[in-house]
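For what it's worth, our numbering labels the leading residue of the sequence shown as 303, then goes sequentially.
Be aware that a few hints might be false.
Straight line, CA to CA, 20 Å or less: simulated SDA-like cross-link-like pairs of lysine to any residue [what the hints assert, rightly or not]:
id, residue 1, residue 2
1, K317, R332
2, K317, E339
3, K317, T336
4, K370, S314
5, K317, T331
6, K317, D343
7, K317, T384
8, K370, E339
9, K317, E338
10, K317, T385
11, K370, E327
Hints were generated in silico from the structure; no laboratory data involved.
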Amino acid sequence: MSSQLSYGDLASLMKRCAGLTVDPELMRTRPTATFEEYGLDSLGLLAIVGELENRYGTPIEPGAESAKTPGDFLDVINTSLTTGA
Numbered sequence: 303m304s305s306q307l308s309y310g311d312l313a314s315l316m317k318r319c320a321g322l323t324v325d326p327e328l329m330r331t332r333p334t335a336t337f338e339e340y341g342l343d344s345l346g347l348l349a350i351v352g353e354l355e356n357r358y359g360t361p362i363e364p365g366a367e368s369a370k371t372p373g374d375f376l377d378v379i380n381t382s383l384t385t386g387a
């Protein structure tokens with residue numbers, strides 16, 4: 303995976319961590335749709351954040367686990383990965 307998380311990466315994480323199948327193209331074209339609309343709850347999002355912290359060996363900046371939309375989540379995650387939170 304590159305240093306920037308994509309909608310495809312997020313869809314894979316949603317499948318692996320929460321058992322949800324989501325079309326990454328749908329998330330890309332509807333970045334303001336909420337995670338709730340995709341069936342992802344706060345525990346699922348927390349599992350995704352934990353997976354990313356383990357994968358990259360660095361804490362993700364606060365706010366990622368409370369993101370409401372895929373677009374907001376990717377903004378926080380990619381900023382965190384870029385700056386090394």
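Here is how each hint holds up against the structure:
1. K317 to R332: Distance ~18 Å between K317 and R332 Cα, so the pair holds.
2. K317 to E339: Status holds; Cα separation ~15 Å.
3. K317 to T336: 16 Å, holds
4. K370 to S314: Holds. K370 to S314 sits at ~18 Å (cutoff 20 Å).
5. K317 to T331: 19 Å, holds
6. K317 to D343: Status holds; Cα separation ~13 Å.
7. K317 to T384: 24 Å, violated
8. K370 to E339: 10 Å, holds
9. K317 to E338: Roughly 15 Å between the alpha carbons, so the hint for K317 and E338 holds.
10. K317 to T385: 27 Å, violated
11. K370 to E327: Measuring from Cα to Cα gives roughly 18 Å; hence the hint holds.
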